[in-house]
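With the sequences and hints as input, model every part of the structure.
Here the protein sequences line up with chains A and B, keeping their order. Position 185 of the first sequence, counted from 1, bears residue number 185 in the numbering used here, the numbering being contiguous throughout. Position 173 of the second sequence, counted from 1, bears residue number 497 in the numbering used here, the numbering being contiguous throughout.
Treat the hints with care, since some could be wrong.
Unchecked claim - Subject to a maximum C-alpha distance of 30 Å in a straight line, what follows is the list of computed DSS-like cross-link-like pairs (lysine-lysine):
1) A/107 with A/321
2) A/229 with A/107
3) A/229 with B/388
4) A/229 with A/6
5) A/321 with B/388
6) A/205 with A/108
Honestly, the hints are just simulated from the structure, not real lab data.
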Amino acid sequence: MAIRIKESGLATSVQDLGRPGYYHLGIPISGAMDRFAMRAANLLIGNDESDAGLEAVFMGPVMEFTEDSFVAVTGAEMQPRVDGEPRETWTSFPIKAGQTLSFDFLKKGARIYIAIKGGIDVPVVLGSRATYALGALGGLDGRSLRPGDELQTWASVVKPVEGATVPADLRRLPGNPAQIRVMPGLYWHRLTEESGSLFFRDIWKVATEADRIGYRFRGGNALQFVERKQPFGAGSDPSNIVDSCYPYGSIQVPSGTEPIVLHRDAVSGGGYFMLGTVISSDMDLIGQLQPNMETRFVAVNMEEAISAREQRNANLNQVRKLLN
Amino acid sequence: MSVRYSFGGDDHIFVEIEEQMSLDAFFKSLSITNSVRESQIGGVTEICPANASYQIKFNPDIIKPRDLLLELKKLEQDAESSKQQLKTRVVDVPVLYNDPWTHETLMRFRERHQDPSGTDLDYAARINGFDSIGSFIEAHAESPWFVTMVGFVAGLPFMYQMVDRDRQIEVPKYLRPRTDTPKLTVGYGGCFSCIYSVRGAGGYQMFGITPMPIYDPDQRISYLREFMVFFHPGDIVKFRPIDRETYDEYLNQVESNAYEPKIKDFDFSLDDFYSDRDQYNRNIGEALNGD
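The following block contains the structure:
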């Protein structure tokens, strides 16, 4: 055994880079909501980027180590402590058998990623160790951690460097208001022109219903739909469609009132129209939004989305180069 | 059919075959997604057929979004000419309609329903013009169903009944979704029936419950040992009303891991089905229950 969970925080789960290939059966990709932070945490201590670590939201766990190890904490700003002594985020540090890792209050962002030398050893299910709690799949018994849980890590011959760090300009958290880039599409044509442009002008606020499945937003204007006779099988509400797949990052607006952005544990389909999709390079940012944060959606086209993605890839490659 | 293509961000292509539900649209979606799978296009990571649409997820670092779009349009043209035949299977799904567990749940969420004075079955029977719950259940169980999509949550089948448009049952979803639905509830929303594979939130009307598990992440149930999800798009389902005694008996079998669903192979032809639906559905029933 390597780690004993003393306190589990609000919802702390084993995650990696996810489980693609089963979305057509309703099993979502799962894995870290902030992929960049997860990869960086692993790189900081010489793990593979795809090794399993922990994702903790809003509140950190308290963990006792039973073996000497190395740790890196990335993502949100939440100061780690080893036996009460402060440590830096985004920076590797050693921890000794018998020592306890704990965290201060959350200062900025929403989710921290805790990488542990060798990676966490839970069974690989459908190609991944990620937890999908709604389907009771993966991770530790398909659920979030509880006090008393014990986690194993893989033995590793890598000797991590103490104090390896990701420079501040390569770290990424949402601004205030957060700006989330969206490609209008899917069922965008269901909205009146005025309503569509209002959606991008309004300031939205993250609702308390924000989790790994999706993030809900409140506070903007209710959407107005182009009138039509509802197609057979769609249902009577103007926001209904014949049940279809939902892209990751797609923005559905049930009854036209509160937008929901689907995330890594997305429901894979359903009967609500979607007005567009958050671009792939901004999905990580959503995982770092706190309830009540002001958010603006910014319309972009494919060229802008691809160039944003290339920028993110370049940043990751820079981190890889620095830490290898 | 006017097929509509849209990008879902920079890493999905969403394709609406038809705005409304039809078996033709479903068959086209299934046929195109099968060709996408066979053509093994580099960079494609998810291929998801749905009721009257489909969706592809891809890695834009590997294939340019517009190149993939062209590939999909080409496959659509090939699908036009292919025969609508399907090697599939028929599955018997026993259902305890009007069961105590969904009844308890629907009473708990009554204020979220269109008609708080009755049950979901009362309401669905009435708005679809049936004179009793009994005749409504008969219509639900009499003709078979196509699994036209698997999703929402892990392993949940959406099913479309194989009857004329004028005999399709249609019901709205709850006004506000429930926060609870018993596992293995047989539900209904729009023109689709479903089976809730896990306990959880839901907005479909609730008609009954099956004792037959359809999702097992632990892969302990005998018929889910090879794969944790039972249903795939294209499966044909026949519901069979059972009484409480039979339900309990099956449940005991499930608990001792002795339950085996009745499944028969079936070669489905859309043209033959269209030429005489009732007779074709009887053939499906005979294929399931014959030797």
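Status of each hint after checking the structure:
no., hint, result
1, A/107 with A/321, "holds, 29 Å"
2, A/229 with A/107, "violated, 49 Å"
3, A/229 with B/388, "violated, 36 Å"
4, A/229 with A/6, "violated, 57 Å"
5, A/321 with B/388, "holds, 26 Å"
6, A/205 with A/108, "holds, 16 Å"
Consistency note: the structure conflicts with the earlier hints numbered 2, 3 and 4.
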